[in-house]
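Asks: Each chain is listed here by its residues.
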Amino acid sequence: MNPANTRSRDPHAEDPHPADAARLAVRSIEVAAALARVLPADVILTGREQTQPYECDGLTAFRVLPMIVVLPENEAQLAAILRTCHSLRVPVVARGAGTGLSGGALPHRAGVTVSLAKFNKILKVDPLSCTAVVQCGVRNLAISEAAAPFGLYYAPDPSSQIACTIGGNVAENSGGVHCLKYGLTLHNVMRVRGYSAAGEPVEFGSEALDVPGLDLLAIVIGSEGMLAVTIDVTVKLVPRPELARCMLASFATVEAAGEAVANVIAKGIVPAGLELMDRRMTEVAENFVHAGYDLSAAAILLCESDGTPEEVEEEIAAMRQVLTESGATRIEVSRDEAQRLKFWSGRKNAFPASGGISPDYMCMDSTIPRRRLAQMLLAIEGMEVKYGLRCVNVFHAGDGNLHPLILFDASDPDQFRRCELFGAEILEESLRLGGTVTGEHGVGVEKLNSMCVQFSPAERDRFLAVKRAFDAEELLNPGKVIPTLQRCAEYGKMHVHRGMMPFPELPRF
Amino acid sequence: MSATPAGVAQLVDRMHAARARGATLQIVGGGTKTFYGEAPRGEPLFLRDLAGITSYEPSELVVTVRAGTPLAELESALAAKGQCLPFEPPRFATGGTVGGMVAAGLAGPSRAAVGPLRDYVLGLTLLDGRGELLTFGGQVMKNVAGYDVTRLIAGSWGVLGIICEVSLKVLASPADTATLEFEWNEQRALQEIARWRAQPLPLQASAWCDGRLRIRLAGSRAAVLEARARLGGTAVDQEAAFAFWESVRDHRHDFFAPAADELAQGIALWRLSVPPTAQPFSLSGRQFIEWGGAQRWWRTTAPAVQLRAAAIGAGGHATLVRAADKSAGAFAPVGSELMRIHRALKDAFDPERILNPGRLYADL
Chain A
-7 MNPANTRSRD PHAEDPHPAD AARLAVRSIE VAAALARVLP ADVILTGREQ TQPYECDGLT
53 AFRVLPMIVV LPENEAQLAA ILRTCHSLRV PVVARGAGTG LSGGALPHRA GVTVSLAKFN
113 KILKVDPLSC TAVVQCGVRN LAISEAAAPF GLYYAPDPSS QIACTIGGNV AENSGGVHCL
173 KYGLTLHNVM RVRGYSAAGE PVEFGSEALD VPGLDLLAIV IGSEGMLAVT IDVTVKLVPR
233 PELARCMLAS FATVEAAGEA VANVIAKGIV PAGLELMDRR MTEVAENFVH AGYDLSAAAI
293 LLCESDGTPE EVEEEIAAMR QVLTESGATR IEVSRDEAQR LKFWSGRKNA FPASGGISPD
353 YMCMDSTIPR RRLAQMLLAI EGMEVKYGLR CVNVFHAGDG NLHPLILFDA SDPDQFRRCE
413 LFGAEILEES LRLGGTVTGE HGVGVEKLNS MCVQFSPAER DRFLAVKRAF DAEELLNPGK
473 VIPTLQRCAE YGKMHVHRGM MPFPELPRF
Chain B
1067 MSATPAGVAQ LVDRMHAARA RGATLQIVGG GTKTFYGEAP RGEPLFLRDL AGITSYEPSE
1127 LVVTVRAGTP LAELESALAA KGQCLPFEPP RFATGGTVGG MVAAGLAGPS RAAVGPLRDY
1187 VLGLTLLDGR GELLTFGGQV MKNVAGYDVT RLIAGSWGVL GIICEVSLKV LASPADTATL
1247 EFEWNEQRAL QEIARWRAQP LPLQASAWCD GRLRIRLAGS RAAVLEARAR LGGTAVDQEA
1307 AFAFWESVRD HRHDFFAPAA DELAQGIALW RLSVPPTAQP FSLSGRQFIE WGGAQRWWRT
1367 TAPAVQLRAA AIGAGGHATL VRAADKSAGA FAPVGSELMR IHRALKDAFD PERILNPGRL
1427 YADL
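Going line by line, the protein sequences match chains A and B.
-7 is the number of the first residue of the first sequence in the numbering used here; add one for each residue after it.
1067 is the number of the first residue of the second sequence in the numbering used here; add one for each residue after it.
By construction, these hints were calculated from the structure, which means they are not laboratory data.
It is possible that some hints are incorrect.
Claimed, not checked - Capping the alpha-carbon separation at 25 angstroms, the derived lysine-lysine pairs in DSS-like fashion look like this:
| no. | chain 1 | residue 1 | chain 2 | residue 2 |
| --- | --- | --- | --- | --- |
| 1 | A | Lys228 | A | Lys113 |
| 2 | B | Lys1392 | A | Lys259 |
| 3 | B | Lys1147 | B | Lys1235 |
| 4 | A | Lys259 | A | Lys110 |
| 5 | A | Lys228 | B | Lys1235 |
| 6 | A | Lys259 | A | Lys173 |
| 7 | A | Lys173 | A | Lys334 |
| 8 | A | Lys228 | A | Lys173 |
| 9 | A | Lys173 | B | Lys1235 |
| 10 | A | Lys228 | A | Lys116 |
| 11 | B | Lys1147 | A | Lys173 |
| 12 | A | Lys173 | A | Lys340 |
| 13 | B | Lys1235 | A | Lys259 |
Let's have the full structure, built from the sequences with the hints guiding it.
Replies: Written as structure tokens, this is what we have:
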């Protein structure tokens, strides 16, 4: 998609009127001067050359130049920034690695973007309590690396885990392919310490298992940086399983594969991972990495078991039986770690592989009840005909979280229009089937519109009231998650243009 | 919202009537937890007619239940399909409801292994203090649309709204369990548990009292068998073990229920929630340790200030659960900035302070 076209879709992004631009320039000088009184000069970035790298996150279709960027080096500086911005009523957008997929870290054109990149220390790894205390800018994978000598790891594994930070994970309540068994960020974070919009120190949760009063930690996690700025986080560590094996199962119809997913879960098995790819996705992935997938299957499932060797053997046998009874036409179990990783390589390259066969694709992220998977796939097939566009499907089937990738060419305005309608219909169908419009990528700016459909005006009003309870002036990341009535016009979707992703080397799944 | 329109409509009417009269309401499920927290105040609003399992899909691991449904009814429906509420909500007495369970947010012996109640609440319908019906969350495992209000409501003791219906994540009951016993003092028991915690063991519950540690293993047959061989100890007969864990869960174990004369003598039951690695407390009285060291119950006459200071010193907090005199406050106070947020949330959902006033804190 042409970025010039996409830019106009964001309300902050339009070029201001000359008078407005002049006001913004004056404001920028005023705020920069106020910040300079409390910060060393090299912490403050102004001017397009310095601030442009911060104009977007992983959702590159939306770009806004921040008025000012600051890179605090310590807590005193962060608190000073927040107090200064609060007293001047300046919006503040906190930012981690910028890998988010829904525009949660999109700058505010009259705001200050606070990069927390320098808060990157692992403060403590405690094998006795199985916890780690890490600063917000520590990368997800770095936690597991630090815990590895103790045989422990941090379970949530979003696909961007080599780059994304724990602060961002807290903001988005990030998942991953193993969250069916091990939970989301919410289930693996015990405590978040940070600052309120007014620069007051706050602490949510505890290193004990609960706190007195309301469970504020539960609402701070997944609040997309709108309730507080996270500084450090206590995470739960879990013992690394001795063994993991992955099973590939082929099915002659997508219905049979969908049924098989429901049957596995109904049997009381909680696989470490349970993923579904349809025929077209399988072909695309196979051509991309040669994982050894069965190209004759209408759909394949990847089922992972982990635990002690005895546990894994027992679970693999149980899964094999259920999948066979569910009509699997072929089953293959990884012999060793190398083959297990090969099985996963196709799945983990689903997004880049799709980028290789189409100029553009739009990724949806809705969640539906598991038993509706087959119904959803059939509905999507119908939509392909209706809109004259192809769609490849890859699902976190165990969680019912869908990532249909609609393939299109954005240089053709009509294709883009049809793609948007296609995506909107998928989200509509997801809600109709009892689901939600975003399972793990977040609302950000991208799904603001679909929030209007999922929630009533009263419900959205309570979201706003929750926001104000933490941040009365609405200065932290304003304009995200909660739509205004005027925005209620269309559903959200993620759109990625080939080569436009800022982290093309990261797997996306 | 699939709760009976009649039942919900009545609740809405009651709410508006109460507002018009300036009355306050105490939300009543089964009345099994009135002893917990601050004393209920206000006109009783009974939820027992808003009952029934709305939908249950075992293959989805999701059940949707109206608030007044007896917890026992839900648990037997789940057991019939080989499933359970993994967090083992305490029942205390018969007659408790699902709504009360969610509002109290309590969990039983398995808490440290499986997570708190809120991890299992996927969505709910709430009638808030403004008299509006609101639905948050849903019936799916992954959902990041909007703030997670559902989980804020879990454990909020009814101060933000009336839970009308709730969707819960359920799990298959463990294929196998085994209970092992060790004659160890407190220090040794805490040390060994800390060592086990970092290993891939199916350790699901622990209970230490009077020089004896009991642990429950739960998981696949292979995992339980292997762990038994590795850990040693004395195996406890399955039936006796079941009865024991149920008595801990429901506080029917003699430790948790001080007799009337003991309460009259000033003996209180305290719950100290602390990091599991907290050092043993030197308090007078008798102790019962659960959750791998993270939940330490004390039967003591020690003054509230001493218990609260001990808990804070260890990085946790203390709840006064059973006592003749709760003037020290049932729940530990929170800091001023967090209390400001508490009040603002109360203002958002129940600005006229109609629902369960004072049940959690005096000014909520």
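Asks: Each hint needs a verdict: does it hold in this structure or not?
Replies: So, going through the hints one by one against the coordinates:
1. With a CA separation close to 17 angstroms, the supplied pair Lys228(A) and Lys113(A) stays within the 25 angstroms bound.
2. Among the hinted pairs, Lys1392(B) with Lys259(A) is inconsistent with the structure: their alpha-carbon atoms are about 47 angstroms apart, more than 25 angstroms.
3. A distance of roughly 14 angstroms separates the Cα atoms of Lys1147(B) and Lys1235(B); the hinted pair therefore holds under the 25 angstroms criterion.
4. Between Lys259(A) and Lys110(A), the direct Cα distance comes to roughly 47 angstroms. Violation of the 25 angstroms bound is thereby established for this hinted pair.
5. For the suggested pair Lys228(A) and Lys1235(B), the alpha carbons sit about 21 angstroms apart, so the restraint of at most 25 angstroms is met.
6. A hinted pair counts as satisfied when its Cα atoms are at most 25 angstroms apart, and Lys259(A) with Lys173(A) qualifies at roughly 15 angstroms.
7. Taken as a hint, the Lys173(A) and Lys334(A) pair is honoured in the structure, with Cα atoms around 22 angstroms apart against an allowance of 25 angstroms.
8. Note on Lys228(A) and Lys173(A): the hinted pairing holds, with a Cα-Cα distance of about 15 angstroms set against a maximum of 25 angstroms.
9. Proximity of Lys173(A) to Lys1235(B) is assessed by CA-CA distance (about 13 angstroms); at most 25 angstroms being required, the pair is judged to hold.
10. About 12 angstroms separates the Cα atoms of Lys228(A) and Lys116(A), which keeps this hinted pair within 25 angstroms; it holds.
11. Our distance criterion of 25 angstroms between C-alpha atoms is met by Lys1147(B) and Lys173(A), whose separation comes to about 20 angstroms.
12. Our distance criterion of 25 angstroms between C-alpha atoms is met by Lys173(A) and Lys340(A), whose separation comes to about 18 angstroms.
13. Between Lys1235(B) and Lys259(A), the direct Cα distance comes to roughly 15 angstroms. Compliance with the 25 angstroms bound is thereby established for this hinted pair.
When the structure is compared with the earlier hints, violations turn up for hints 2, 4 and for no others.
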